[in-house]
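Student: Take the sequence shown: its position 80, counted from the start at 1, is 80 in this note's numbering, and no numbers get skipped.
Where hints are given, some of them may not hold.
Taking lysine to any residue and the SDA-like style, the derived pairs with C-alpha atoms no more than 20 Å apart in a straight line are [unchecked claim]:
{"hint": "1", "residue 1": "K151", "residue 2": "D139"}
{"hint": "2", "residue 1": "K74", "residue 2": "G45"}
{"hint": "3", "residue 1": "K133", "residue 2": "L73"}
If you are wondering where the hints come from, they were derived from the structure by calculation, not from laboratory data. Because the structure is a prediction, the values reported are computed rather than measured.
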Amino acid sequence: MERKVRKVSKKDTVSNLPNLPCLPYLPDLSSRPGAMMLITVLIAGSVALTIGLSIALRGIGEIDMGIAEVQTLKAFGIAEGCTEEALFQLSHDESYTGGLLTLGDGDCTIDVTSDGSERIINVTATMKRWIRKIEVRVDLAGPQVTILEWKQDPT
């Protein structure tokens, strides 16, 4: 199909031009300095608000990351404390099998399994929603508890 294109001449009026889009009426603001100032202030205010909100949201994200880091360190501290408690208990009682322990705001589960004179201590510490795990292999043969291996869960 061939499309017909009609040239617009100076004689054409709006009523006889086909399919022209209708433009809304835009007032002339150059004669109203107050309106121009209001529009300028609104645009500048919206830009400043956008910048301010992005800075504030970034700050909130940084605070959340800081809180998570502190809670993770607390959970790790609880795991280490529970591991030390298990080592202490094993130094006094070779048949110690573990249990539940509360330290500060966190809890931990201590599980001790035996393999001859060796013991494997598994500690899982929980601080709110953060969890840290430590596994220690010790030898009880001799006058004191000897740590053979100490593994920390990196997560």
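Student: Does each hint hold? Answer for all of them.
Tutor: Here's how the hints hold up against the structure:
1. K151 x D139: holds (15 Å)
2. K74 x G45: violated (43 Å)
3. K133 x L73: With Cα atoms ~12 Å apart, K133 and L73 stay inside 20 Å; holds.
Violated hint for the displayed structure: number 2, the only one.
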